[in-house]
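> Each chain is listed here by its residues.
2 protein chains.
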Amino acid sequence: MKTKLKIVKIGGNLIDDAEVLATLLKDFSAIKEPKILIHGGGKIATATSKKLGIESKLVEGRRITSAEDLEVITMVYAGLLNKNIVAQLQANNCNALGLSGADANCVQANLRHKEPVDYGFVGDVNHINSAIIQQLLTAQLTPVFCAISHDGKGQLLNTNADTVTAEIAIAMSKYYEVELMYCFEKNGVLENVEDENSVIPKINTAKYEALKANQQIHQGMLPKMQNCFYALKNGVANVVIGSSKLLQSNSTLFTQLSL
Amino acid sequence: MKTKLKIVKIGGNLIDDAEVLATLLKDFSAIKEPKILIHGGGKIATATSKKLGIESKLVEGRRITSAEDLEVITMVYAGLLNKNIVAQLQANNCNALGLSGADANCVQANLRHKEPVDYGFVGDVNHINSAIIQQLLTAQLTPVFCAISHDGKGQLLNTNADTVTAEIAIAMSKYYEVELMYCFEKNGVLENVEDENSVIPKINTAKYEALKANQQIHQGMLPKMQNCFYALKNGVANVVIGSSKLLQSNSTLFTQLSL
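Residue numbers (full-length UniProt numbering), protein chains in the order written: chain A, 1 to 259; chain B, 1 to 259.
Keep in mind that the hints are not guaranteed to be accurate.
Note: identical chains are not told apart, hence a pair may lie in one copy or across any two.
Computed list of lysine-lysine pairs in DSS-like fashion (alpha-carbon distance at most 30 Å, straight line) [stated by the list, open to error]:
no.: 1; residue 1: Lys224; residue 2: Lys207
no.: 2; residue 1: Lys26; residue 2: Lys153
no.: 3; residue 1: Lys245; residue 2: Lys153
no.: 4; residue 1: Lys4; residue 2: Lys153
Derived by calculation from the structure, the hints in this document are not laboratory data.
With the rest of the complex left out, here is chain A:
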């Protein structure tokens, strides 16, 4: 039987609230199993860009990562956020190790095709170095990833944090029974987006298709759920979506996904 591994993704909105983040990191540190944390960005990157006078570029409503944006992202995600999260985890006796995808060649990606839309310095994951991540876990370390990858040729790339999380979870399933936990600003997948208590406890593929057909799933939720089912289809044992409270051992309010 494989050892259990918990992989926790925390969204940017949770990082923006220092108190929520502190509690979340304390709960995460209390997890006894081997574990990995992956964090998003939050508002601080946008705020820093603004202070530096960098204008964000949108093409067809989607954000483009310019060379200047990539610099800010690297500073804020891999520097400010990642290192402060690591320092806080250390204070909670969790031996955290902060990583970008370039570190130990953990997450390699291809620059996204420039057609039909040139997204700039954005990467699509092509390889997870699962062997080295396992070695770090075996050394009792807790990897803490920001969502920056590299192309192996010296270029850092901005990468979607939910996707990186799914790819890492899939790759680590070779060695572990992986539970994937997406923590974000809502209590789970909601039946009614206005009602925080309308969490759908379980969603399987059939239910997901029905919810999609009825347009009951909030736009921002769709790619997140796609990632969840992608992970389940590729070897991840268990996937749940919920709020920061998901990490508390007595948590009951969340959405569990299954095939």
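Add chain B to chain A, keeping to what the hints say.
Chain B only, in chain A's frame:
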């Protein structure tokens, strides 16, 4: 007999020149022995602070690290510089792993006493986690440190890069025969600071005391040399000071220190 370990410190001035840095990282990657890189800051932190409208504070001519300065240092040193250096090393087939002192609890420090001068968020190293650094080296990884430490209670601290280097070198001497290489903008310790070719090839303790007595050592050089002798007295096998060319196997222009 202990395995050899090369520890290379590169100063901020070398980082500011992209071409010099690229060559240096290529030469570093070509080192076959286990190795560690430690990098300074360079002008980009000051430039970023300026762009963000943060004024640097000086007390008695010495720079103070305010909370805002620490944020910028964390962004630039641990984020922008560290990750770009790691990505470049990866491109040279060196399996680099970027670290701050908080990562894997590698470098723990105490906040410097606030008397007689309050330097702000500055740390003095109190512990190097040499066991974990050895584990990383054994896993064929090349640690790349920026000079940020942590206090173990959640606070990151700005730390002198030359001092962190000496402390890491001393701690690693338990496991390895350590050669410490300080690379900076000059060819070595100069007899005449105006003449790049006046490199003193060898300096022992007696010579160092004589140079100091004659006020022949440039002010900025004194703490660097103190670190070198401190390292030698505490188990480091060999210490050399030179330019970025120090890493080229046929380099002959440098200063070698001995007790």
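> Confirm or reject each hint.
Do the hints match the structure? See the list:
1. Lys224 - Lys207: within (16 Å within a copy, 66 Å between copies)
2. Lys26 - Lys153: Between copies only: 13 Å across, 37 Å inside.
3. Lys245 - Lys153: between (40 Å within a copy, 24 Å between copies)
4. Lys4 - Lys153: Between copies only: 29 Å across chains, 34 Å inside a chain, cut-off 30 Å.
Checked against the numbered hints above, the structure breaks none of them.
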